[in-house]
Amino acid sequence: MSLDNTPRPSWLTFDCYGTLIQWDEGLQAAVAEILASKGASAIDPRELIAVYDRHEHALEQTPPHRNFREIAGEALRIALGEFGLRVDDHDIGTLTDHISAMPPFPEVVESLRALKEKGYRLCIVSNTDDDVIAGNVAQLGGHIDRVITAQQAGAYKPDRRLFDYAHAQLGVSRDDVVHICASPHLDHAAARDIGFRCVWIDRGTGRKLLPDYTPDAIVPTLGRVPPLFASFGW
Numbered sequence: 001m002s003l004d005n006t007p008r009p010s011w012l013t014f015d016c017y018g019t020l021i022q023w024d025e026g027l028q029a030a031v032a033e034i035l036a037s038k039g040a041s042a043i044d045p046r047e048l049i050a051v052y053d054r055h056e057h058a059l060e061q062t063p064p065h066r067n068f069r070e071i072a073g074e075a076l077r078i079a080l081g082e083f084g085l086r087v088d089d090h091d092i093g094t095l096t097d098h099i100s101a102m103p104p105f106p107e108v109v110e111s112l113r114a115l116k117e118k119g120y121r122l123c124i125v126s127n128t129d130d131d132v133i134a135g136n137v138a139q140l141g142g143h144i145d146r147v148i149t150a151q152q153a154g155a156y157k158p159d160r161r162l163f164d165y166a167h168a169q170l171g172v173s174r175d176d177v178v179h180i181c182a183s184p185h186l187d188h189a190a191a192r193d194i195g196f197r198c199v200w201i202d203r204g205t206g207r208k209l210l211p212d213y214t215p216d217a218i219v220p221t222l223g224r225v226p227p228l229f230a231s232f233g234w
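In terms of this note's numbering, the sequence shown is numbered consecutively and its last residue is 234.
You may find that some hints are simply not true.
To be verified - DEER-style ranges, computed between Cβ atoms: (1) ASP4 with ASP89: 50 to 58 Å; (2) GLY93 with ARG161: 27 to 35 Å; (3) PRO63 with ARG207: 25 to 33 Å; (4) ALA36 with GLY171: 43 to 51 Å; (5) SER41 with ASP4: 46 to 54 Å; (6) ARG86 with TRP234: 50 to 58 Å; (7) GLN139 with GLY204: 20 to 28 Å; (8) ARG8 with GLN61: 33 to 41 Å; (9) ALA36 with PRO63: 20 to 28 Å; (10) SER41 with LEU228: 27 to 35 Å; (11) PHE232 with ASP212: 22 to 30 Å.
No lab work stands behind these hints, which were simulated from the structure alone.
Even for Gly, the Cβ is constructed at its ideal location relative to N, Cα and C.
Sequences are here, hints too, so could you generate the full structure?
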């Protein structure tokens, strides 16, 4: 499906980490700091992150619902354990503090401003806790109208309950929004299952499309979204 000849959305929803905020870069810095503190700098942070990600996503989908800080700490404990290392409270604080401080990509604040000037309302829908994401939102120029988190919804992507909750809170149907995201595994799966329109920000990280879903548009940066929407007469 193309966005062309579809209604102009009233709300734009955004994934946060990897879409607006420099997730990969910030996570590597956090993990490198943790490994250095343990005298384990010889371990490639990317290898540890791959293990951490696998456990984090699994824990997010395992009942009962837990907050992101708790899940991040448990995933880090398991991942470090697979490398023969132990976790402590300082390590968990290092990880979540780094996440909260991660900055936006260079073009993001100006792109959000341009979208606001066109009359769109902007909402973040994110797999995190309110207090963690607050530090990131504070760097977005005051352009975000709403922030909806897994903590509020009691569910993590790709569980559709997070998006159902978000749409209910915004008072919109799936046809009133376009979702802008960077994660095929999390956000595209929800777009496929719910049927909302979706723009993929493919920043060249190596993430692959799902075999059974293609987003409505693909652009390399958020800066390409305002002219893309203008081309539809929105």
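Going down the list of hints, with the structure as the test:
Taken as a hint, the range 50 to 58 Å holds for the pair ASP4 and ASP89, whose Cβ atoms sit roughly 52 Å apart. Roughly 29 Å separates the CB atoms of GLY93 and ARG161, a value that falls within the hinted 27 to 35 Å. Taking the beta carbon of each, PRO63 and ARG207 are about 27 Å apart, inside 25 to 33 Å as hinted. Range check, ALA36 to GLY171: Cβ separation about 48 Å, and the 43 to 51 Å hint holds.
For SER41 paired with ASP4, a C-beta distance near 50 Å keeps the hint of 46 to 54 Å intact. With their beta carbons about 53 Å apart, ARG86 and TRP234 fall inside the hinted range of 50 to 58 Å. GLN139 and GLY204 have their C-beta atoms about 23 Å apart, which keeps the hinted 20 to 28 Å range intact. A C-beta distance of roughly 34 Å is found between ARG8 and GLN61, which places it inside the suggested range of 33 to 41 Å.
Distance hint check: the CB atoms of ALA36 and PRO63 are about 36 Å apart, inconsistent with the given range 20 to 28 Å. The supplied range of 27 to 35 Å is broken by SER41 and LEU228, whose beta-carbon atoms lie about 42 Å from each other. Taking 22 to 30 Å as the suggested C-beta distance range, the pair PHE232 and ASP212 conforms, at roughly 26 Å.
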